[in-house]
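Number of protein chains: 2
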Amino acid sequence: MASPGIVANCRKVVCIGRNYADHIKELNNVRPKKPFFFLKPPSSILEPGQGPVLRPKGVNLHYEVELALIMGRQVQDLPEDDSQGALDSIAGYAVSIDMTARDVQEEAKKKGIPWTAAKGFDTFLPISNYIPKSAIPDPHNLELWLTVNGKDRQRDSTSLMLFRIPRVLSEISRVMKLEEGDVVLTGTPKGVGKVEVGDVMRAGAMVGGEEIEGARIEVG
Amino acid sequence: MASPGIVANCRKVVCIGRNYADHIKELNNVRPKKPFFFLKPPSSILEPGQGPVLRPKGVNLHYEVELALIMGRQVQDLPEDDSQGALDSIAGYAVSIDMTARDVQEEAKKKGIPWTAAKGFDTFLPISNYIPKSAIPDPHNLELWLTVNGKDRQRDSTSLMLFRIPRVLSEISRVMKLEEGDVVLTGTPKGVGKVEVGDVMRAGAMVGGEEIEGARIEVG
Ligand SMILES: [Mg+2]
Ligand SMILES: [Mg+2]
Ligand SMILES: [Mg+2]
Numbered sequence: 031m032a033s034p035g036i037v038a039n040c041r042k043v044v045c046i047g048r049n050y051a052d053h054i055k056e057l058n059n060v061r062p063k064k065p066f067f068f069l070k071p072p073s074s075i076l077e078p079g080q081g082p083v084l085r086p087k088g089v090n091l092h093y094e095v096e097l098a099l100i101m102g103r104q105v106q107d108l109p110e111d112d113s114q115g116a117l118d119s120i121a122g123y124a125v126s127i128d129m130t131a132r133d134v135q136e137e138a139k140k141k142g143i144p145w146t147a148a149k150g151f152d153t154f155l156p157i158s159n160y161i162p163k164s165a166i167p168d169p170h171n172l173e174l175w176l177t178v179n180g181k182d183r184q185r186d187s188t189s190l191m192l193f194r195i196p197r198v199l200s201e202i203s204r205v206m207k208l209e210e211g212d213v214v215l216t217g218t219p220k221g222v223g224k225v226e227v228g229d230v231m232r233a234g235a236m237v238g239g240e241e242i243e244g245a246r247i248e249v250g
Numbered sequence: 031m032a033s034p035g036i037v038a039n040c041r042k043v044v045c046i047g048r049n050y051a052d053h054i055k056e057l058n059n060v061r062p063k064k065p066f067f068f069l070k071p072p073s074s075i076l077e078p079g080q081g082p083v084l085r086p087k088g089v090n091l092h093y094e095v096e097l098a099l100i101m102g103r104q105v106q107d108l109p110e111d112d113s114q115g116a117l118d119s120i121a122g123y124a125v126s127i128d129m130t131a132r133d134v135q136e137e138a139k140k141k142g143i144p145w146t147a148a149k150g151f152d153t154f155l156p157i158s159n160y161i162p163k164s165a166i167p168d169p170h171n172l173e174l175w176l177t178v179n180g181k182d183r184q185r186d187s188t189s190l191m192l193f194r195i196p197r198v199l200s201e202i203s204r205v206m207k208l209e210e211g212d213v214v215l216t217g218t219p220k221g222v223g224k225v226e227v228g229d230v231m232r233a234g235a236m237v238g239g240e241e242i243e244g245a246r247i248e249v250g
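Residue numbers (this note's numbering), protein chains in the order written: chain A, 31 to 250; chain B, 31 to 250.
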């Protein structure tokens, strides 16, 4: 089954940067005092079965597995301490891979210009099927994993998020309202790295030692 | 008449930075060798009559008047020299104000982090009514203007664009496909500056010495 409506209903994809301490270290980045975020265009979403991630010529292409939140209603100026309101505003989840042209991003960082191109190529957001909320009782207690050609590359718990989901949704919604169908990426744990043409990425999520079947991504 | 469908049909707003030489100078920026771009979320669009631009607390809020293109069809990998293809892909135009939290943007530039918050607050994209293509025979020969409290602040011809529309659409579409309803902002001429609470911005466009009536913006 294709993800029902994730792309069709999505008007923006908001992504948190640097939300896991060990990932910040591996890229020699500075730990942020508050969450910061960027946008990927909805046109970058790659649904299950839509086939390979494009490798723009000469680009150092990195994977970043992330928990995606699919918003269920409008959220504006959410108070930071409204954990229940934050969780209630989420309609469901997905596993996603925030593909990143790392060299393009590094150049943008040096020049102080936007990350948009580095993050926004077509196919740069492989996403799983829609995961119903009931399958993830606690989004802060989920094991995310990603393999390349069968080798483990990322495997960590969402409990390691520096800024938890209510804080993330609060920060975003105090700048830009979130709308039904918007997608929020919550950051990647350590282990990011390069993929070459022909590599196969698989990703997924586990709850209490069990795979969530609908959470699988397999993409060339 | 409200802009028919500009917001409703918009999935992304792609904005070109630094596309007029005198504006680059006034902000002490480096002239880019090729166009770069960033995204504003559709949720930042403020249609005619939707009332004032919000001033986030403590922010140095700047206006930037720009010609907006409303895309009429999907564009992917447009060749740089396909001027006719570029113009044919445009359904219509609008005048827009790319509101910018200048201090937030300067901090982001220094830190090498995204411009998203600086550009993406709710109400940060006042837009005019939809301007039919027939009203603008040549988008590179249009006078854009903006006043604050009745005083001229920006008034320049789109003939001054460093990268003309076909080049801009080519660069964007080689990264991310443009889709019907997407909005492209083509950069701001010189004269950007601060607005305070209570200031009234007016903006518009002239062709051959005549105002385009549907192009007017008036916003507090
Ligand atoms: Mg990421
Ligand atoms: Mg967007
Ligand atoms: Mg601008």
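These aren't lab readings, by the way, just hints derived from the structure by calculation.
Hints may be right or wrong, so weigh each one.
Note that the list lumps identical chains together, so a pair holds whenever it fits in one copy or between two copies.
[Claimed, not checked] With a cut-off of at most 25 Å between alpha-carbon atoms, the simulated DSS-like pairs for lysine-lysine come out as follows: (1) K220 to K181; (2) K207 to K63; (3) K181 to K140; (4) K64 to K220.
Going down the list of hints, with the structure as the test:
{"no.": "1", "hint": "K220 to K181", "result": "within (15 Å within a copy, 53 Å between copies)"}
{"no.": "2", "hint": "K207 to K63", "result": "within (22 Å within a copy, 34 Å between copies)"}
{"no.": "3", "hint": "K181 to K140", "result": "neither (32 Å within a copy, 38 Å between copies)"}
{"no.": "4", "hint": "K64 to K220", "result": "within (19 Å within a copy, 33 Å between copies)"}
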